[in-house]
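Number of protein chains: 2
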Amino acid sequence: MLLEKTLREIGDLDQTAMETAQKRLDSLIKPPGSLGILEEIAVRLAGITRNPCPQLGKKTVIIMAGDHGVVEEGVSVAPQEITVQMLPAFIAGSAGIGVLAKHAGARIVVVDVGVAAPVDIPGVLQRKVRAGTGNIAVGPAMSREEAVQALEVGIQVALDEIDSGAGLLATGDMGIGNTTPSSAILAAFGGYSAEEVAGRGTLVNDQVMKVKIDVINRALETNKPDREDGLDVLSKVGGLEIAGLAGVMLGAASRRVPVLIDGFITTAAALVACKIQPKAREYIIASHLSGEQGHRLMLEQLGLTPVVHLNMRLGEGAGAALTMHLIEASTKIIHEMASFDEAGVSDLEEDKILS
Amino acid sequence: MLLEKTLREIGDLDQTAMETAQKRLDSLIKPPGSLGILEEIAVRLAGITRNPCPQLGKKTVIIMAGDHGVVEEGVSVAPQEITVQMLPAFIAGSAGIGVLAKHAGARIVVVDVGVAAPVDIPGVLQRKVRAGTGNIAVGPAMSREEAVQALEVGIQVALDEIDSGAGLLATGDMGIGNTTPSSAILAAFGGYSAEEVAGRGTLVNDQVMKVKIDVINRALETNKPDREDGLDVLSKVGGLEIAGLAGVMLGAASRRVPVLIDGFITTAAALVACKIQPKAREYIIASHLSGEQGHRLMLEQLGLTPVVHLNMRLGEGAGAALTMHLIEASTKIIHEMASFDEAGVSDLEEDKILS
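Heads up: the sequence lines are chains A and B, in that order.
Position 106, counted from 1, in the first sequence is what the working numbering calls 106; the numbers after and before it change by one each time, with no gaps.
Position 84, counted from 1, in the second sequence is what the working numbering calls 84; the numbers after and before it change by one each time, with no gaps.
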């Protein structure tokens, strides 16, 4: 089975490559550590790629699209048909992520893993596992088998991209209503109340917020997801695009390729991926901090630090695409900066430096 | 006089262009406001450039270099000669900002406005006003006339770059010891204590921190800068590169060109520029939040929000250069995204949206 094989292949970071990268960074003409998280990212990329001078190569933004039965409860300001309507704009480059992926110099791959409507759009990969999830307020989102299928869709898409030369992946989501299952996933894993994890999504008003909180409570009570079992949480209160995204992360990790998460939905997928295989966490890089209130809690659970703070709440991979430029910058620092010796710059006075 | 002429030429943002840009943004296929600060930046760029579809054109990072007499008090871990030693690496692209400016697709301009050592380095603009400031712990950094000269150096460099087609400027600093005068500037304008504004700079230890705090206190007591007079604060406790940077900001504002600030030193320069001409603030865009503790206070004083959080403390314009990609992204959103009508995407349900 592809999932099991992938999980087995996810290894540890290469400590030797990381130490070599750190040593090189410390020799460069700058106060030690003064490039902050950019240096931490560079070191992690060395560990991920087993190369002290990491080269990332081509970039791809992978967007998973799926629908959510729970929209029948009235949890979103957007009608469900928008999920399918947005897909041509992703391909054409006229949606937010289309513009930002092009700006990042990244290819965009759009996958139908669970859109409710029939999808026959040139350029969209047809990998539908089922036509939308069940309503999580009254039953499971999908069966365990379907969750595995959707995970494997994501794994395979990631592997195909990597085989085509991608060395940096970003993840994005499209699925009207998907902040509700993402909130339920956070509540299930983190033991939070519905109030703590529910956010405004696409800026729903107080009345819809009440419905949303009630729906999250009912989803947890009805389905009783087992927080120790990532697949159980995913299948009971998750989503098909969330499963596909978790698959992308696992696939990337199995091939030692860094993968950027975006906002609330992709980070919910990261929670799932890391519960299924905790080692995957080392291959996942946080991008932006979403305006959705629960996102900060998710990142805390993962122990990841977002670097872009734009108060965005779009999804689609927008923040992840914007962050690709910073990730590439971290590798260029190692490749292109000179050392104190090489540049003939005087040493700092060690006895004055904070130890 | 160039300074007076420049101050007179700084106008207000174009409200009509901003309203048109906002209307366009609200029509695009995304929940309203979901691109967060990216949209706010796009609107501001419209107001700055008087163009509802702003085009920025070429980018330049302008680095001002100067030395500080106060280093004789032992406030830095780096010997003063590093200021001049770094300049060839800026030009060659082997220093941090060299790498990051190239990555941003930006030209780099390096200006000697006050380096202590003689500077004859190919590519470095020779605009030395004096060979380093006086020691602010015992007297003024420079005369008021020298401060005006250094401001005018910055204005002229900005105007020349803009005349050559630059539509987005970033600012960077080089000057061993310059967190000390920058802290003094913040303390003077904000009425803070030396303890509140002093930071670790290039990670000085506790012993040097004590010296630094003592020096800042002495600088304020000895010079008694008038917080209502930007030129007074600048000349008494500032620096030549800080003056040059403030000049760059004023020059950019006078030509309606957006200018990115970087970390602690360039933001100190922004405090000076905005005290001299408060309208300049609208043309200044924050980039990253520095690891230097007082930076947050400076940005609060200016009412600006940093968007990149990398805990960097390099200076040189590194964070400003990294942010250029995000600024350009904001303009591409307006230019390239489709509206709901154009893309045939259903409207959101207005009655459910938070008003």
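Read the hints as simulated data drawn from the structure, not as lab findings.
Quick caveat, the model's predicted, so the values are computed rather than measured.
Don't take every hint at face value.
No distinction is drawn between identical chains; accordingly, a pair holds when it is met within one copy or between any pair of copies.
Cross-link-like lysine-lysine pairs, in silico, PhoX-like; alpha carbons within 25 Å at most [as the list claims (entries may be wrong)]:
1. K128 <-> K279
2. K210 <-> K352
3. K5 <-> K23
4. K58 <-> K279
5. K23 <-> K102
Hint check results:
no.: 1; hint: K128 <-> K279; result: neither (28 Å within a copy, 55 Å between copies)
no.: 2; hint: K210 <-> K352; result: between (57 Å within a copy, 12 Å between copies)
no.: 3; hint: K5 <-> K23; result: neither (35 Å within a copy, 51 Å between copies)
no.: 4; hint: K58 <-> K279; result: within (24 Å within a copy, 43 Å between copies)
no.: 5; hint: K23 <-> K102; result: between (35 Å within a copy, 24 Å between copies)
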